[in-house]
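**Student:** Combine the two chains into a complex, taking the hints into account.
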Amino acid sequence: GENVEQHPSTLSVQEGDSAVIKCTYSDSASNYFPWYKQELGKGPQLIIDIRSNVGEKKDQRIAVTLNKTAKHFSLHITETQPEDSAVYFCAASKRRVDNQGGKLIFGQGTELSVKP
Amino acid sequence: EAQVTQNPRYLITVTGKKLTVTCSQNMNHEYMSWYRQDPGLGLRQIYYSMNVEVTDKGDVPEGYKVSRKEKRNFPLILESPSPNQTSLYFCASRGGLATEAFFGQGTRLTVV
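Chains as they are written, first to last, in the working numbering: chain A, 1 to 116; chain B, 117 to 228.
The hints are simulated quantities; they were obtained by calculation from the structure and are not laboratory data.
Among the hints, erroneous ones may be present.
[What the hints assert, rightly or not] If you want the footprint, here are the derived chain B segments under chain A, 3+ residues with CB under 8 Å:
1) 157 to 170
2) 203 to 213
3) 219 to 225
[Stated by the list, open to error] Derived Cβ-Cβ restraints for the label pairs, each shown as a range:
4) Glu111(A) to Met143(B): 28 to 36 Å
5) Pro116(A) to Ser183(B): 46 to 54 Å
6) Lys57(A) to Pro155(B): 26 to 34 Å
For every residue, glycine included, the Cβ atom is placed at its ideal position computed from N, Cα and C.
Pulled out of the complex, with its shape left as it was, chain B reads as follows (with noise of 0.2 Å):
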């Protein structure tokens, strides 16, 4: 079955405490990308891949960083998270740029 995984559905840490949430996808998919999802903002791109060892910024990177070492996998870390990261948090990943992408059931990062 074609999916995004993403670990864990659920995470309560403390400020300063570093953090990785893990993503991967089973469709050969060259795009992964990560957004974090707020009221009334929607969804705001974090960072993004276009292929292996290619990462870019999208429009909130603050406080975050990425690797994408393989095209199955793409981390979101959060070095010293801070509360204003508290979030729903995607994974998401498309085949071409004009194609469906694929989104995790997302990650509920709660930072107190």
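Isolated chain A (complex conformation) (with noise of 0.2 Å):
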């Protein structure tokens, strides 16, 4: 089946400076990659993603890059803010065939620490 790997587990930057967070996938089948952002107390939000058919796609501060080839896909937070602070989660899923299909597979997590 479906499996995602994530680095690092923690990441601390200062204030200001980028963060970039990688996942590799290996069913070469999966075509969605959505990243999400759990804030401490609650449940994991969206807040980027990104098709096979589209390489990169960016909004505001965030980006997302795919590289298909080599299945991985990374976030990067640039000028990055004390609020940016949380866990961050990759996840793959792939269409759906008959009643197969549906899954939603998630990385184990980074913990993303911005320091003032």
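**Tutor:** What follows is the structure in structure tokens.
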């Protein structure tokens, strides 16, 4: 089955620096790659996603890149701020075929700490 | 307001006492899932459902049951809870495979 590996598990940066989190996936049929942010005491929330027909997507200070050949994708946060401190999860999903598919598989999470 | 509602938020129970964690969504989503979150292991899928009466095992289904009799509800059942099921549980729903998943607030379960 699909496996998603995420690195690093913890990341500490100074305010204003950039942060990069990397994920690799195993199933070449995966075609949807979202990133979620989880703040303390809350459920994860989607911050950005990318589909397999696109190599890069940006939304203000956040960008995601996808390399389908290498089966890895990355989250880039620029000009980090203390409120970016949270746990970030990558995930992968693929098309449904009959009653197979539909799983959204998550990485292990990265705890990002932005120091003022 | 679009939301996924889980209950209870916190639960302490004893080994072997059957319990149910409820999950309800108001977005008419087809797909619903249960995850457990443990330190260093991320979010692991327990069960998921692609529509009413269609469910399948995730990566860690042992010791859990689910049902999907109505589109909006997807309860998680622990027939005989054990201490290794102490965890933080999340229910999630989404309208399609390549769309945003909405998560509930989580249920912190402790089995003693």
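**Student:** None of the hints should be skipped; say for each whether it holds.
**Tutor:** Hint check:
For the stretch 157 to 170 of chain B, the stated coverage by chain A holds: 8 residues have a C-beta nearer than 8 Å to a C-beta of that chain, and at least 3 were required. With 4 residues bearing a CB less than 8 Å from a CB of chain A, the stretch 203 to 213 of chain B meets the requirement of three and the coverage assertion stands. Chain A is given as covering the stretch 219 to 225 of chain B, and this holds because 4 residues of the stretch bring a CB closer than 8 Å to a CB of that chain, at least three being needed. Distance hint check for glutamate 111(A) and methionine 143(B): the Cβ-Cβ separation is about 29 Å, which falls inside the suggested range of 28 to 36 Å.
Between proline 116(A) and serine 183(B) the beta carbon distance is about 48 Å. The supplied range of 46 to 54 Å therefore holds. Taken as a hint, the range 26 to 34 Å holds for the pair lysine 57(A) and proline 155(B), whose Cβ atoms sit roughly 30 Å apart.
In this structure, none of the earlier numbered hints is contradicted; all agree with it.
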